[in-house]
Every structure is written in C-alpha cells, then in structure tokens.
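Participant: Read off the chains here:
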Amino acid sequence: MSKILVLITHPPFGHENTFAGLYVASAALSKGLEVTVAMTGDGVYAGQKGQVDPLANINMPSTEDQIRDILDLGGRTIVDQDSMSERGITQEELIEEVEVQPLGKIQDVVLDEGEIIVTF
Amino acid sequence: MARLTMLIMSPPHSDESAERMCGLSNRALERGMEVVVYLLGDGVLCSKKGQKGYIGQNIRTAVGKGITVRASAKDLRARAITADQVEQGVEVVEDLEGEFVEDVMEKAERVITW
Amino acid sequence: MVGEGKKKTMTMMLFTGPYGSQYADHMCRIADRALDKGYGVQIFLYGDGVHSQLKGQNPKAFFNVGEALTKLAEKGAVIKSCVRCSTARGYVEGEFNEKEERYPSSKTIDAVKIYSLYGYVEMLGNTDKAITLGSSN
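Residue numbers (the working numbering), protein chains in the order written: chain A, 448 to 567; chain B, 10 to 123; chain C, 1111 to 1247.
It is possible that some hints are incorrect.
[To be verified] For lysine to aspartate or glutamate, the following DMTMM-like pairs were computed, each having C-alpha atoms within a straight-line distance of at most 20 Å:
{"id": "1", "chain 1": "C", "residue 1": "Lys-1117", "chain 2": "A", "residue 2": "Glu-562"}
{"id": "2", "chain 1": "C", "residue 1": "Lys-1118", "chain 2": "B", "residue 2": "Glu-111"}
{"id": "3", "chain 1": "A", "residue 1": "Lys-552", "chain 2": "B", "residue 2": "Glu-111"}
{"id": "4", "chain 1": "C", "residue 1": "Lys-1147", "chain 2": "B", "residue 2": "Glu-111"}
[Unchecked claim] Pairwise CB distance ranges (calculated):
{"id": "5", "chain 1": "C", "residue 1": "Glu-1208", "chain 2": "B", "residue 2": "Gly-98", "range": "52 to 62 Å"}
{"id": "6", "chain 1": "B", "residue 1": "Ala-92", "chain 2": "A", "residue 2": "Glu-544", "range": "51 to 61 Å"}
{"id": "7", "chain 1": "B", "residue 1": "Gly-73", "chain 2": "C", "residue 2": "Gly-1204", "range": "50 to 60 Å"}
{"id": "8", "chain 1": "C", "residue 1": "Glu-1211", "chain 2": "B", "residue 2": "Gly-98", "range": "30 to 40 Å"}
If you are wondering where the hints come from, they were derived from the structure by calculation, not from laboratory data. The beta carbon of each residue, even a glycine, is placed where N, CA and C say it ideally should be.
Given only the sequences and the hints, what does the whole structure look like? Please build it.
Facilitator: Put into structure tokens, the structure is as follows:
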C-alpha cells in the first residue's frame, strides 16, 4: 500500500493550500492509501480546534472538520511543537486527537516514512 | 547510503522553504544520509556568495559538511549572477532539470520540493 | 508502484497558475526532460494550477504553458486537472463524459482532462516518485 505524507505549511483560509492539502489526504485515505499529515511552520494553525462556522463567517470550508475526517478515516496527524511554540499555540488549543511532536521527530517521519511527499 | 533530494524554487528569505530545507538537510546528515539540493528559479538566489543571513551561512556550512548543492546556470545568468559570485562549492549546472530528474528517479530515496 | 517491465513514472502537481511565477515553466521543462529520458510522466493541475489548461494562451514574452502542455501530452504525458478547482474557476460545462473520461469544457486545451481529485490520488498510488510545484510557498 502506498504511503503518502502530506506536509501542511500554510495557515487555513488565507490561501487555498491547507484546504487543498487536507482534501488530498482524505481522498487518499478513502481510496485505501496510508496517509500522514504533518503540520509545520504556519501549518500548525490548522491543528487548532474551535473554528466557528467558517462557512457562514468567511465562506470557507472548515479545515477543523477536514482534520477530524482524516482522523476518522484512520489518517495520522502530527503538529510541530517547535512551530507551535514560536506562534504561542499550546497543546490545549489543538484538536485533542492530533499528535504533537518536536520538529526533529517530524523530520524523522519525513525521512523514514515519506515514500511520496506532497507539500502544501 | 540513502539519499534525500530537495528542490528549492523560492528566494532565501521570502518564506520558510529555504529554512525548512536547511533544517531537514542537517537532520538527514546527522542520520548518515546523503543530501542533494537543487536550486531552480528564484531558488538560485540561495547560492549567492556573501550572504550574512541564516540561509547563506547554512549553505556555506552545508557544502562544508558534504551536502551537494546544484544551481541552475540559466537561472543564474538571467539574474546576473556570475560563477564567481556563487558560493564556493556550489555546482553550477547547465541542464539542472535533467540532472534533477535522474537524481529523483534513480538515486533519491526521499524527494521533497519546496 | 510501477511493476516490473514498466518504465518508471514521475508525478508532478502544479498548484499555481501560469505566468505569475516560474513554477509552470519549470514543471513543463522538468516533465520534458523526464520524457526525453524515457520516464513516464503524470501531471495534475490543482488549485490555481488549473489555469494552465486555458485554451488560447498567447504570452508575448513568456514561455507558452498551454503549448508546452500540449507538446508534453503528445510525447506521452498524462495530464489531468481537478474538477472542483476547474468548476470554481469557470471551466466546467457539463457532467462527466464516461466515454471521453473527462468533464467537458470548450475553454480548455485537449491535452488536459478535467477529472476528479481521485485522478491525482490514483496517480500518487501508481508512481515511483512525486513532486509538487507552487504549493509550499
């Protein structure tokens, strides 16, 4: 089975990148591929919980819902602790089921598991 | 030895791409991997000699540690960067796209494009 | 992965439109070199990358991306674009055509088939290596 690593490096909403990357992740999972989503740099903002109806507020689909779908489909989601710290984001602010790992560990995931790596 | 191949296409300080490249390169080296970085488009600006910022320093250190850095000759010429203005140890390659393809398809175990 | 006896394949995803940056140019050049070297090439246009499928591109001083994609398809590249992104940007003009395996559009070059995102997933599931351009910055 193919392993896909989706790297998210943008915050949600300001650019389409995060939505597009998470969409690839869930589409791949639904077709039976193994998927890990790693959020690093500004991508860590996508791991936050509590988005209040982005569709109603800013006409954008909820990336929080996308991440929850990815988790339900069996995908692995990891958030970069170093990037969180730089941006003042605490673990309590994140969706509960996402993993938090230091940058070095995320780099190891990239090097160990990134058979196919797509960056967003 | 396993190889990590990366492609950078943005300038050194416009976004985090080059910084991520440096961090991952260092990690890969620590783990005994071979690292090759291709600079294409605005990415060739990362190879300019004399940079005092983090990326320039990292490129110098990286070359010193054995990371191979290859920059597109066509993109350098277009940007008025001559061979002697490129950081020592950076290879200036005429057919960078072709070499990148060969590397990715035949040699690299991990490929990331930023 | 490509099986024994089949040539190796590279998959490329383009996320940004033509002319605003060099990503589309470089993708086409990399794809061309890959085909010259005997590799299979799969290209997926995603996000603003779908604009590269527009018919009638006529840049005065830039690399013509539309023509380049047409030549790549003639050389054997398989090129698809995302239907959701294409619909958002006004390209799609009807329901999926089962026979032609594409969504219809009079505005796009023949070389690019508008398809669901599962087309990209299928490419990723059947490739040796993959790269993305214009999506990480």
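Participant: Out of the numbered hints, which ones does the structure contradict?
Facilitator: Hints 3, 8 not satisfied by this model.
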